[in-house]
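Trainee: Chain by chain, the residues:
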Amino acid sequence: MEFFKPDLLPWLIPVGPLVAFLIITLATNRSKMVPATDHHEYGGHHPDYDGMEVPVVTTRSRIFSITIGVIGVLWALVISWMTIGNAFNVHHFGVEVLQSNFAWMDTGETTLNMGVLIDPATVIMLVMVPIAVLMIFTYSIGYMAHDPRQSRFFALISLFAGAMLTLVVADNVLMLFVGWEVMGVCSYMLIGFWFEKESAYKAAIKAFTTTRIADVVMLLGIVYLYMVTGTLSYRDIMYNPENLELLVTTTPIIFGGFAVSAASVIGIFLIIGTVGKSAQFPLHVWLPDAMEGPTPVSAMIHAAAMVSAGIFSLVRLYPLFAAGGDPHHGIMTQPLVFMAVIGSFTALFAATMAVAQSDVKAVLAYSTISQLGFMVAALGMGAYIAAAFHLITHAFFKALLFMAAGSVIHGMEHGEHHVHEHGDHGHDDHHDDHGHHFDPQDMFNMGGLRKTMPVTFWTFLIGGLSLSGFPIITAGFWSKDEILADAWLVLSEYGSGTHGLVFFMLAAAAFLTAFYTMRQISLTFGGDARTEAAEHANLGKGLVSVTMTAPLIILAFFAIFAGFIGVPTDFPILGSIFSPEHNAFHHFMAESLPLPEATAGYGTLPDYHPDAPPFNIIPVATSFIVALGGLWLGWFMYWRKPLKAGEVDPMEKFLGPLHPILKNRYYMDDLYIWLFVKPSQWFGKQVIVFLDKGVIDTILHVIARVFTWLGDLVKVLNLWLIDGVGDGIPIAIYNFGGWLRRMQTGRVQQYMLFILAAAVIIGLVLVVSSGAVTAQ
Amino acid sequence: MLELNAISIGFFIFTIFTLGGAIGVVTTRNLFQGTVWLMVSLFGIAGYMLLLSAPFLAAVQILVYIGAIAILITFAVMLTRSVTRVDERYIRTIPSLIGSLVLFLILIAGVTIPVFGGHEGAPVVVKTTHDFGLALVDGNGYVVPFMLASLLLTAAMIGAIFIARDEET
Amino acid sequence: MEICTGLCALMVESGANSGLAQFMSLLIGVLLVSGVPLVTVIILIWVERKIAARIQDRIGPNRVGPWGLMQTFADMVKLILKEDITPTAADRVLYNASPLVSFASVVLLWAVIPFTPFHFGVDLEIAALFFVAVASFGTLSVMVAGWASNNKYALLGAFRVVALLVSYEVPLVFALLIPVMLAGSMSLVDIANAQSGMWFVVLSPLAFLIFYISSQAETGRAPFDLIEAESELVAGFNIEYSGMKFGMFFAAEFLHVFTNGILMALLFFGGWKGPFYYESPLIAFFWLGLKGSIIYLTTLWIRNTVPRLRIDQIMAFNWKFLVPLSIGNVVLISALLKVMQELQLSPRNFVGASVPEMLPTTIVLFLSNLAIIIYIMGMLRKRGEEMRVSSQQTRRAFVQASGSAAGD
Amino acid sequence: MIPLWMYLAVAAALFSIGVFGVLARRNAVAILMAIELMLNAVNINLVAFWRYSETNTDLLLNGYVFTAFILIVAAAEAAVGLAIIISVYRNRRSVIPEDAHTLKG
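Protein chains in written order, with the working numbering: chain A, 1 to 776; chain B, 777 to 945; chain C, 946 to 1353; chain D, 1354 to 1458.
Quick caveat, the hints were computed from the structure, so don't treat them as lab data.
It is possible that part of the hints are untrue.
Here are the simulated DMTMM-like cross-link-like pairs (lysine to aspartate or glutamate), alpha carbons at most 25 Å apart as the crow flies [claimed, not checked]:
no. : chain 1 : residue 1 : chain 2 : residue 2
1   : C       : Lys1265   : B       : Asp942
2   : C       : Lys1283   : B       : Asp907
3   : C       : Lys1283   : B       : Asp914
So the derived label-pair ranges between C-beta atoms look like this [what the hints assert, rightly or not]:
no. : chain 1 : residue 1 : chain 2 : residue 2 : range
4   : C       : Met1322   : D       : Arg1446   : 47 to 55 Å
5   : D       : Asp1452   : C       : Lys1097   : 39 to 47 Å
6   : C       : Leu1304   : B       : Leu910    : 24 to 32 Å
7   : B       : Leu928    : A       : Gly746    : 22 to 30 Å
Short derived list, chain B residues pointing at chain A, Cβ under 10 Å [unchecked claim]:
no. : residue
8   : Ile867
9   : Arg868
10  : Pro871
11  : Ser872
12  : Ser876
13  : Val878
14  : Ile882
15  : Leu883
16  : Ala885
The beta-carbon is built from N, C-alpha and C at its ideal position, and this holds for glycine as well.
Bound conformation, chain A alone (with noise of 0.2 Å):
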């Protein structure tokens, strides 16, 4: 078989979750019309649907919408291995690289390739997204067990994650964005999927909106990045040095005089895409409210898909930011310093929001900006393979944490449920009483989980202490740690600058993480139950736990395991287990650089394969110390002693008056809206009134009136020279039809006269004239 030549089996890949989600579409997605009632879970009763029929699908469909879903993943994932299979197969992988590509479009002088790559980036990535999503697509089947349009989730997912299989296995940037937009409008999706939810919808928008800003800037640099190269291809730009001395010799025309060159000021645009797709600081407001969609959603935007894409993207394009500085000598680009200080800043800033939160994802979503605040600073240092190390066990841990609090709040709602029919008012009256519904998510209602939900308990706290960086044992420590070691080597090296508060506000960052965390498994898990419901949370029995808690063991083991792989060498006794020649990440990753021999020549560039940080026990005892510090605080004020019922967050009393500003995100969503919304609206008034009705209106006035008589005018033209032309003309011809239809006798005889005497005269003239030459 052709396709299964090692080039060309990447681009089966991304078919299978492509191919389910027409299958799902079109053929599994059968609904039945039911009277809408309390029980479907539309993320929420909506009063509109009292006395309508909703569309519920049928368990057939659902059955083999989960199944085509699966087996669509299942498929990536198979071949993804058949890949990583092949690429382990390739000697000295990373110079050589599988890929194939085909013309798509010529563009004048270029041509727009599309195609596959595999390089040692993508195969990380295809270790961690087949499995991730696998898991989420597992954890669906039970979360989504009663919901009534998951035929149409399972869809979406599929399109999803097929859609960031494309954006892994891309060779070129415009296939990357491709796959890009494509998740941007399956998150739009997804996290509107509860659409009767005012909150949802306004939160799709939200995100699509938010994003699309950044992907605008993006596809800017996109085109800038094909205007100068003539070319979108990952190899031809990032491998080819003499494409990159291009970029950064070029002058750039509108920025010129700022002392930029263009590889800085694509490197820019390009960066903005990923401040918009991963979060980051401004356009970090879009994440937090993505919430509103399912759980299996948010794992996927978090951890698996979305935000993954936007730092791998980032990793991608490294070469081009990297170029014209060296950062490993502390000569920094523009790029770099701006992802540096973006990054930072942004892992410090969602952290402090994240200890003042009360809703269980919420914490964890200000976690995610946090986390990715760190990839994005530690490329802004150069620290490309710790950042990448990063993204995978983060994927891993925050899927994790995710699937656990969506199981947490599963189990809330299993309890409320459970409260209701065995509680001793009636079922009906229950609304009346209480006015606001209650909240599954609130921290603050749950309580003692850990006797209810062991299985969720223990897997939530391997993910939170992986999250935490617990040292030595948990994935998140090594790469944490890994990143925090490149920023003490820039700061200790080459001091000050921006990049010497990069460590600082890291290693705070990290502290407050820890410390979140551990609020946050206290509140949940410890203690006593606050509430009636938190009492009775459970997950049920049967298939539907099964399929719940099954990917949380398994990426439990992850969240541990995964940080193995990247140990530094000279790590006291632990570097001579797992990394006896070299830090097996590191080795494997490096190779997807170009090399130092290809970018000696040019002496713009820098030598992009650093060697790993040298073991320094100072970022090491800050890791140490952070992890442990936050930890222990964290116990100390909420496990030690567990909040009662009623109680208020001790945080509150701690703070003082910060604690609204970070409750409230920094007024951030308020000031966008006094910022951007408001004078939008007022604009957009303005224009209706002035520009539309005032002036426009006029003008159109004015020529409607102009021709309306122009109209009266040639009416009068119009009855007496055109309609008689018109008329006679047609007059004419029927009276000439009349008189030729007289020939017309339907007498077949009559007419083979006619045409043996045409046939006489033609004959006559050709035997004259042939006569008449063959005479002469």
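We have chain A; now place chains B, C and D onto it with these hints.
Mentor: Then chains B, C and D, alone, in the frame of chain A:
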């Protein structure tokens, strides 16, 4: 000019058959006699084909025209017998006659006056029926027209049966 | 042929125009060749009458001459002397012409029949086609006779004949194709020569059977004799004819039967092939005559023993059985021949070969034909049993009904 | 030997007679017969040209093959034509084309 031998005598006999039969066809009042005249004419044409060393065509001519088409026409004559006795034979006799005559003159002029292509070709080596059969099934020959012709014939037969079929039965 | 050329030379020597001499000698040759059937028919009539009488347990003509041999001449004299009636309403020309055409159509056949390997009217390369073409004249003459008589019965008879002849021409031609394919030639001489190893009747008995049945129908003999069908149509298309005109129809029919016998002998039984046929033309002619006569006798036998069929039965038998069978036979044999040609086993490779050389080919073709025949026979037997069973049931039901009626 | 032009002349005469028949006869069957005459005139021409003018290459049997095809076409034409005549006769009790002038202008 023309030596008197079997072939030339045959030619004249066949000419009398052909043209006489043809005139009979267009002049006779009785249509059944017309068919017989038609057969006479066709028989003469078969004779020409024999003279032109195409015996296969002559046999097929007799088989197809006299054996099939003429019989068919006879049947048609008999089936429409109640109205075949038309009192007037002709309509538009004079213009038709003039037209035919002028056509005949033009054609004769074309074939006889050397200027207009009265080219005398020497008789070439004769192909046999065997060659003809081979040519019909040869891929470089006439196999496609042959098959198309057979298809045409089948289609025409089916169509004829369909058209002539009684609606009631 | 030698006689013709000799005569031609003689005439040219005696001062005649060479072209005219050629024409005249050809004319004489034609007369010679057509003389053979004219003489034959006189004997045939006697033979037929005699045999029919013996089969019907009579004596037959026995008064005129020894064994009644002169009876035919007596009849001829009678027919010639009879009043030659032409009905007033008849189409005079056509009425008088059709017996001539009828007789001529049979006599024309003799032009292509080779009496010996070297004595024949003309060795046309399309003799088989010629045979079919000339047969259509017979149809024509019947049609014309029926119409020109201006008689109700005559016309009905003519319609029947034409329907019969046109229908049975189809299987006849398909059956004729088989020996043509086997010999690879349409010339009767070539066909006869190709059978030196093995008669084609062995190679393709099915084709022979089809040909035999069809030619029986073509000549209008029992069981296909509803042309005449005395009980219904009085005498069929020739009802108005009398005297020698009737005699010509009569003679043409008799001659046609015998001609078909000769043709079958040529096509399927090796023609003049027999012991010592190459010794003398007379011996070759004797073998041909013998074979033709035997076939002729079998047709007489059938004619005198089998009852007449209804027109719908005849048509159904032709279109629903004979035509599909003959088409299938042609398709199968042609495919088989193509394969055998690839294997160098085609009969065309064995022109003039001996029997053992021909054996593999014979076995293959015979077995294939046998397979078809066995299949067809099985099918017919099954059909027959079904019909028998249904008729028995009907009878039983009838008996029961009448029995119960009697019981009441 | 008969010269070519004699055949052509006979064919021309036959064709003209056919044309006259087609144009002037009233009965549809007679018209059909006249058409057959015209077709046969063409046949004579084709065979004659084949016999006299064709160059002697291996597979050139154009005139011959054309004649055979014309025979086929003639058979088809006669069958369909007569079927139409009978159909018209059945519907209108008439075989005169002059009477079938429903399509007159």
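Trainee: Compare the structure with the hints numbered earlier in the document and write down the numbers of the violated ones, lowest to highest.
Mentor: Those not satisfied come down to hint 5.
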